[in-house]
Amino acid sequence: MEIQEGEGGGTLFRELKGADKIFTDVLLTLIPLTGIMGILNLPSRLGISLYLQQYIGAIFGIVIGATFMLVPPGKKKAGDKVPWYDLVFCGLALAAGLYIAINYKAISVDVGIISTERVLLGLAAVLLTMEASRRIVGLPFCIIILVFLFYALFSSHFPGMLAVKSIFQVTTS
1 MEIQEGEGGG
11 TLFRELKGAD
21 KIFTDVLLTL
31 IPLTGIMGIL
41 NLPSRLGISL
51 YLQQYIGAIF
61 GIVIGATFML
71 VPPGKKKAGD
81 KVPWYDLVFC
91 GLALAAGLYI
101 AINYKAISVD
111 VGIISTERVL
121 LGLAAVLLTM
131 EASRRIVGLP
141 FCIIILVFLF
151 YALFSSHFPG
161 MLAVKSIFQV
171 TTS
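Mapping the sequence shown onto the working numbering, position 98 (from 1) lands on 98, and the numbers just tick up by one.
Calculated directly from the structure, the hints in this document are not laboratory data.
Keep in mind that the hints are not guaranteed to be accurate.
[Said to hold, decoys possible] Taking lysine-lysine and the DSS-like style, the derived pairs with C-alpha atoms no more than 25 Å apart in a straight line are:
#1 Lys17 with Lys75
#2 Lys21 with Lys76
#3 Lys21 with Lys81
#4 Lys21 with Lys105
#5 Lys81 with Lys17
#6 Lys17 with Lys76
[Stated by the list, open to error] Simulated restraints, written as ranges between beta carbons of each label pair:
#7 Pro159 with Leu42: 51 to 61 Å
#8 Asp110 with Pro73: 28 to 38 Å
#9 Leu12 with Pro159: 37 to 47 Å
Beta carbons: idealized from backbone N, C-alpha and C, even for Gly.
Let's have the full structure, built from the sequences with the hints guiding it.
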């Protein structure tokens, strides 16, 4: 992998070694393999039916997890070690993606039922996606996303033409 230079002269990616490199290489290899399995519909040849959303959930977890393994939180913190918190973030991203991949059929049937694990994993997925986006794209992108989330949650309190039903009103009606 070619290392790209950041704005401050530092690298955008970690140069991993040892077990971290092997684990990250496995994650990066799983991304296209999972996509190929979905495109060729390989599980159906074994009598296993999977929804497209199950593949997307798995790929989501793998991509976000690989992002935390490869991209440091700041431009000046690149190196060859993955800090403990990025390992935790990687694990949470993989758990959220695998939860979707494994439990999608139940999720689609019980779409209106709110459970603790769904709320926690959904919140973790949103926050992890925001942090991974901040690392890759930058803070302005995250601010734009937060503005849209704020509007979706509190749009019923806005004046004039901006006032529409918020997410809370739509889901509780």
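Checked hints:
{"no.": "1", "hint": "Lys17 with Lys75", "in the structure": "19 Å, holds"}
{"no.": "2", "hint": "Lys21 with Lys76", "in the structure": "20 Å, holds"}
{"no.": "3", "hint": "Lys21 with Lys81", "in the structure": "10 Å, holds"}
{"no.": "4", "hint": "Lys21 with Lys105", "in the structure": "34 Å, violated"}
{"no.": "5", "hint": "Lys81 with Lys17", "in the structure": "8 Å, holds"}
{"no.": "6", "hint": "Lys17 with Lys76", "in the structure": "19 Å, holds"}
{"no.": "7", "hint": "Pro159 with Leu42: 51 to 61 Å", "in the structure": "54 Å, holds"}
{"no.": "8", "hint": "Asp110 with Pro73: 28 to 38 Å", "in the structure": "36 Å, holds"}
{"no.": "9", "hint": "Leu12 with Pro159: 37 to 47 Å", "in the structure": "42 Å, holds"}
Going down the numbered hints, you'll see the structure goes against just number 4.
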